[in-house]
Amino acid sequence: MVPVQYYFILSALLFFIGVYGFISRRNLIAMLISVELILNAVEINFTAFNRLLFPGQLEGFFMSLFGIGVAAAETAVAIAIIINVYRNFNSDNVDSIQNMKR
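When you line the sequence shown up against the numbering used here, it's residues 1 to 102, in that order.
Hints were generated in silico from the structure; no laboratory data involved. Treat the hints loosely; a few may be bogus.
[What the hints assert, rightly or not] Here are the simulated distance ranges between beta carbons:
#1 S24 with S91: 17 to 23 Å
#2 A12 with N93: 25 to 31 Å
#3 P55 with F22: 42 to 48 Å
#4 V2 with N84: 27 to 33 Å
#5 L13 with I79: 23 to 29 Å
#6 S91 with Q57: 45 to 51 Å
#7 R25 with N84: 18 to 24 Å
For glycine and all other residues, C-beta sits at the position ideal for the given N, C-alpha and C.
With the sequences and hints as input, model every part of the structure.
Printed below as a string of structure tokens:
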């Protein structure tokens, strides 16, 4: 059986890799992947805390399933926005959308 602390370590690594990727990348797709890594870290925390605090109950697992559903919807909307940005500016770089008109 894997100790719960390993899940917390994995979650922290995923979170910080996601934050670093979001801050350091200028590509919209890479930034979206970094946000997904952060959301996955949160979902691992939900399940790990559920296993640590309430081992016989499933609230953390249901919260993780809800989080996966929200992340899928967020990804679909974000990809649609990125496709429209690419069609209008011919680039998926963040610098190309900074001079958008209001």
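Outcome of the hint check:
1. S24 with S91: 17 to 23 Å: 18 Å, holds
2. A12 with N93: 25 to 31 Å: With a Cβ separation near 30 Å, A12 and N93 satisfy 25 to 31 Å, so the hint holds.
3. P55 with F22: 42 to 48 Å: Roughly 34 Å apart at Cβ, these two residues miss the hinted range, so it is violated.
4. V2 with N84: 27 to 33 Å: This hint is violated: roughly 43 Å between Cβ atoms.
5. L13 with I79: 23 to 29 Å: Holds - the Cβ-Cβ distance for L13 and I79, about 26 Å, lies within 23 to 29 Å.
6. S91 with Q57: 45 to 51 Å: 48 Å, holds
7. R25 with N84: 18 to 24 Å: At 20 Å between Cβs, range holds.
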